[in-house]
Every structure is written in C-alpha cells, then in structure tokens.
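Enquirer: If you want the building blocks of each chain, they are given just below.
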Amino acid sequence: MAPLLVIVPFFSIIIMNLFPRKLMQYTSFICLGFLSLAQTYLVLARPEWFWHKNVDLVDSMFSFRYSVDEIALVLLLCIGVVVFVTLLSARAMIPDVRQRVNFKNLLLVSLIGMNATVLVKDIFSLYVFIEITAVSSYIMIAMNKDERALEGAFKYLILSAIATVMMLASISLMLLLTGGTTFTAVSAGLDVAGRGLFVRIAIGLFLCGLFIKSGLVPFHGWLPDAYSAAPAPASVLLAGVVTKVSGVYVLIRLAISVFAFDNSLQGLLMFVGAVSVLTGAFAALTQSDFKRMLAYSSISQVGYIILGLGCATPLAIFGAVFHLFNHAIFKSLLFINAASVEKELGTTDMEKMGGLAQKMPVAGVSSVVGLLSTAGIPPLAGFWSKFIIILALWSAGRFVYAWIAVLASLLTLAYFLSMQRKVFFGKLKAGFENIRESSAGLIISQAVLAIITVGLGLFFPFIVPWR
Amino acid sequence: MTTRLVRSVVGLAMVSAVVSILIFRLNSPLAAVFELSVCAGLISVIFVTTISFTQRLTPEKLELRRKQRFDKYSYLPVVLLAVGILLMIFKPNPDFPLPPVPKEQDARNIIWHLRHVDLLGQILVILAGVFGVVILFKEPRK
Amino acid sequence: MSLEGAHIFWVFNIFIILLSVMGAYYIIATFNLIRSLIGLELLIKAVTLLIVLAGYLTGNEGLAQALVITLIVIEVVIMVVAGGIVVSVYRNNRTLDTRRLKELKG
Chain A
1 MAPLLVIVPF
11 FSIIIMNLFP
21 RKLMQYTSFI
31 CLGFLSLAQT
41 YLVLARPEWF
51 WHKNVDLVDS
61 MFSFRYSVDE
71 IALVLLLCIG
81 VVVFVTLLSA
91 RAMIPDVRQR
101 VNFKNLLLVS
111 LIGMNATVLV
121 KDIFSLYVFI
131 EITAVSSYIM
141 IAMNKDERAL
151 EGAFKYLILS
161 AIATVMMLAS
171 ISLMLLLTGG
181 TTFTAVSAGL
191 DVAGRGLFVR
201 IAIGLFLCGL
211 FIKSGLVPFH
221 GWLPDAYSAA
231 PAPASVLLAG
241 VVTKVSGVYV
251 LIRLAISVFA
261 FDNSLQGLLM
271 FVGAVSVLTG
281 AFAALTQSDF
291 KRMLAYSSIS
301 QVGYIILGLG
311 CATPLAIFGA
321 VFHLFNHAIF
331 KSLLFINAAS
341 VEKELGTTDM
351 EKMGGLAQKM
361 PVAGVSSVVG
371 LLSTAGIPPL
381 AGFWSKFIII
391 LALWSAGRFV
401 YAWIAVLASL
411 LTLAYFLSMQ
421 RKVFFGKLKA
431 GFENIRESSA
441 GLIISQAVLA
451 IITVGLGLFF
461 PFIVPWR
Chain B
1 MTTRLVRSVV
11 GLAMVSAVVS
21 ILIFRLNSPL
31 AAVFELSVCA
41 GLISVIFVTT
51 ISFTQRLTPE
61 KLELRRKQRF
71 DKYSYLPVVL
81 LAVGILLMIF
91 KPNPDFPLPP
101 VPKEQDARNI
111 IWHLRHVDLL
121 GQILVILAGV
131 FGVVILFKEP
141 RK
Chain C
1 MSLEGAHIFW
11 VFNIFIILLS
21 VMGAYYIIAT
31 FNLIRSLIGL
41 ELLIKAVTLL
51 IVLAGYLTGN
61 EGLAQALVIT
71 LIVIEVVIMV
81 VAGGIVVSVY
91 RNNRTLDTRR
101 LKELKG
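Chains as they are written, first to last, in our numbering: chain A, 1 to 467; chain B, 1 to 142; chain C, 1 to 106.
Please keep in mind that the hints were generated in silico from the structure rather than gathered at the bench.
The structure displayed is predicted, hence computed values, not measured ones.
Errors might be hidden in some of the hints.
If you want a taste of the chain A side facing chain B, the calculated C-beta under 7 Å gives, among others [stated by the list, open to error]:
| id | residue |
| --- | --- |
| 1 | ASN105 |
| 2 | VAL109 |
| 3 | VAL128 |
| 4 | ILE132 |
| 5 | SER136 |
Derived DSS-like pairs (lysine-lysine); straight-line CA-CA distance at most 27 Å [claimed, not checked]:
| id | chain 1 | residue 1 | chain 2 | residue 2 |
| --- | --- | --- | --- | --- |
| 6 | A | LYS343 | B | LYS138 |
| 7 | A | LYS343 | A | LYS155 |
| 8 | A | LYS422 | A | LYS343 |
| 9 | A | LYS343 | A | LYS145 |
| 10 | A | LYS155 | A | LYS145 |
| 11 | B | LYS138 | A | LYS145 |
| 12 | B | LYS138 | A | LYS155 |
All C-beta atoms in this analysis are idealised placements derived from N, C-alpha and C, irrespective of residue type, glycine included.
Please work from the sequences and hints to get the whole structure.
Expert: Below you can see the structure in the form of structure tokens.
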C-alpha cells in the first residue's frame, strides 16, 4: 500500500498536465489537496495499511523495497499537513495563475520526492530522491526572479550540490567496503568492517553532507538567505518539511539503522546539536528581518533535534522525533504569519512594524501560539517535546548539554517576545491604518496549524502512553 | 574574459573525455559511453548556451575589468589540461589483478530489474528539470 | 578489499583527489558564477570516477554503472537548472560578477 504514496502522485502529475490551460488551476488545486489530505488521513486513521508486513497485490506488482516504521509514519504525516498548508497559502500569495500552476507542479514533484525519501531502503535511492526534492526547491526559490531570491537559490544550489558530492563519495566508499547499497547490506558490512580509517572517512563524509542539508552549524550559510529570500509559499515548504526530510530524517534513519551508533557518533551529534542551538539562538537575537530571524530560529530548533538524537536513549529519540513534528507544524505557522504580514505590508523589516494585532487578529493570536510552542511553554506541544529531550539528557547524565538546552530555551523566549512586541503589539505605526486581515487561505492554514499545536499540547499525556 | 570562460569549458570537456577513457579501462563500457556523450557533449552545449545568453559586455566594462583584475585566473585551464595529459601517461596500466567475480554484469538488466526505483527517480528529475526550464528561461515580459 | 588491488586504488585515488581539489578551488576562488558551475562539474566527475572504481574493485561493475547512469541524468538536470538561474541573474543585473552581487549578507 505504501508505494501508492509515490505512484499515485506520479500519475496525477501526468494527468494534471493534460488538462487545458484554463482548467489547470482548479484541477491542480483539487489534485494536490486531495493527495495531501488523503495522506494525512490515512496515516492517522489507518496506519496498519502501511506496516511492511502486509505484502498485498500492489507490492507484488511493483516490488518497491520500502520500509515503514513509526518514525516514517510521523514524517509522512508531517509531509501531508505541510504540503496542504503550502497549497492553501500558495493560493493567496501567488496572484499570477500560470506561475501558481507551475508552483503546484513543483510542489507535487517535491511531494513525491519526500514521500519516497521516507520510504526507501537503499542508500543510493535515498540520494536520488533527496536530489529530486532539492532540485524542485531550487526552482521554487528562484521562481519570482528577483535579485535576492536568485542569489539565495544559487548559494543553496552550490552548497547543496557540494553536500550531494560528499554523500555520493561516501556511498561509493561504502560500496567498496561492503559490496552493496541496501540498508541491510551496508549495516551488515559496517558491522564486519569495524571502525577502521576508511569506515570513519565514509561515515564522516556522509554526516558532513547531511549537516549541510539540515542547516547545522558550521554549514548553515545558505539557510538564512534561502529562507528569507524565497517567495512565501516556498519558504513555508522549505522550512516546514524539505530541510527536515532531506536532512534530519535521513540522519535519524541512518544513525539508527545503518551506522553503528557508538559513543563517538553520539558525542559528535550532541556537540554539533548544542553548537547549533546556541548559535541559532544568539544570531536570532540580533536580526531585524522577520524571516531571517525565523531562519536562525530554525537552525536552533534543528539543533535541539540533533541533540536529542545524539543522546541515543529511547526516550531521547522519541523526544527528537516529536520535536521534529512539532517544529514542522509551528515553524510553518510562523512562516505563514510572516507571509501574511509581508503580503499586507510589503516589507519584512521588523523595525518598521508595530501594533499589527489590532488589525490582523488571527495572525496575532496564531503567532503567539507559535512562539510559545517554540520557546517550550506549557501547555503547548513544544513544551512537551523540549521537556522530554531535556529529561532524557538529564537522566543519561549529560548535565552540561541539559543546561545548554534550558539556557537556549530562555534565549528563544527572549527573542520571540521582543519580536512579538515589535511586530504585533504596541502602538500602531503610521501608514498602516487600512490594512486588512489576510485572505481566506492564509487564515484557514494559520488557524489549522495553531489548533494542532494547542490540541497536541493539551492532549498529549492522554494520547501517548506515558512511560 | 569570455575567451577564458570558453577555454574553461573546453578544458572541462577534455577532462570529461579523459575520465571517460579511464572508466572504460575499468571495465565499465556503458558508463563510459554515457559519460562521454553526455558530459563531454550535452553539458558543454548547455554551458555554451548559458554563456551565449550572458554576453554583451560593453567596452567600458571590459576596460575596467582588464585594469582591475590581474590575470591570476588565466592559468587555471592550462593547469587542467596539463594534469589531464600527465595522467594519460598512467592510463595503460598493464595488469588488473583482481579476478572478476561472476555476478550480474549487464547494467541494463540491473537498472530494469533491480533498481527500477531509481528509474522512477530519473523520470521525476527530468520532469522537474522540464518545469525548471519552463519557469526560468522565459523572457520577462516588459 | 584485497591487497593486489590496492596499488591501482591509490593511483586512481590521487587522480580523483586532484580533480576534487581543483573543482573545489574553482568554486571558492572565482568571481564568476559560471566558473563555479564548472568547478561543481569537476567535483561530480571525481565522484563518478570514485563510484566506478569502487564497483570495479568489488566486482560489481553492473551496479556501479547503473548508479553512474542515474547520477549523470541528475547531474544534467542540476546543470540545466543552475544555468537557468544564472541566465535569470544576468537578465536582472547585466553582470555575473559576484563582487557586484553582494545583496544578501551571509
């Protein structure tokens, strides 16, 4: 059943593009909406369709080697939700119809790429689909062709391609060492090969490539430029899922299933995670552009996830995956806030804004929800995931890292509060009297995401069996 | 400036040819043919097309550039060619002492049966590339 | 990995490392956008050669060729998209000089 997640969208691209020009905007909207909603619904309501024990008719026809477990399910859910939200925001933010259809096509291609990345069981196929997602996001960033967007896209392209080259070199070294490229072959081979010099070089190269793709320090140079310069729906998609799936998820999958998860790897991950958390938080304090600040905040949050991953106890990994999901939700929410602000005001410079909450209540409330969740304030969902990570770090004896995590949480609260004060509350600046609330698509998406955050936070102890 | 760029592209094509011959010596004829035809051919065409779209430096700019920039970069393509020629000497390695293990050797079979996921990936990438060309290469309407 | 294949491995390795260093140098040390693309191409070629070498040394030439063919297709698409971006940059600015394009701060 799971291969359908890849094959059905693929056929729908072909079908979608066969329609005449005039109908295309409606059919593409319907197709994408249906696919993303169906994905969300199926993961939530019928997860047993996805477990890889059932080998039914579809599987035997295509013999797609895939694997689905809990982590993959969470990611599929993320992808479904964020793609749907991006679709809604695209309707509002891209006025030109032809460009919107192009964007939706690219969105569909990246949907397929991300679904397949989550599902495959082979390192090289993983690379292929990461690359597909990356190519579609290069084009999406560069779509409006204004100067900053093109420069951001080019920087992203070069750095991402360098990451690709590193990953490929590592794949070939692993081919040399183990004789195969599927996960099982590679992990068996790496167990046999031990920890010699070549194995370390191979794993190190792959990790460097993944660090570049997830935007961890010191390879985060492309992230603020790409996030802030991209057109708004592309920013939502990028920040919400693309970085997570093609960077962080692959790290989690490989660290758990393929590479032997020993102390040096854990130590490295925790160190890089902690450095990213602090750097992102400090840099976000000094930003005056809304989207750039959100980008640095993303770097910080991804650092949290990696910190949790590096700790390697089951509780920590659970916290990391949960934080990944939460971050996808609330970061998309914040970026849609930024999008609606940008659309109404025409600028993203925070120094020029003030008192918007009187005119844009939905944006104001949902941004408060988003920021509180990022900073980890109860009873929102972000609190639970951060709390679990800190708890896991403490109980594993890594006190320094736990303190760093708590400190960064306070920093997060600080910069977000200052952002809130500047942008949404306070006095209404001159010239902004006649702005309205943004259009329906943005309102719905903000409301949905905020509700998810609040709901998950409130009901979390009841849904998940509390160990 | 432009002749140096074109020289770089030609250097790239020659390096592609050298790499392709090396691949052929490593018992991989299919990959060698692909590498030669695509990288030494198609990609050079793409580069020359891109360069031709971005020409037209006015004479003042040329003068400015010539005065500002010392010719530090002009030796790079020459170094490239020299390295390529130097390593062609290494090429006729007489002995490949590893005995070939009798596994499935024909790459075409492997792509079709074993790795059809990658095939789907290739089709998707080409689709994405087509969208990219449609979006990015359009003349802006003035 | 047997010991007789080791010396071939090292000879080819030197070539590969040389190619990749040259590619990286091109990307970093140039002020022209197109030249950084050429450097990227060189890096990808180095990795291609590495994959084929790995396939040869383990006897898996078919698999390595399949990987290389997929990789070449992806590489072409990346170059086309990069070319599109470069052309758009040129149409906006009339220059390809990175010294003049410093819009965004790192």
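Enquirer: Taking the numbered hints from earlier one at a time, note which ones the structure violates and give those numbers from smallest to largest.
Expert: none
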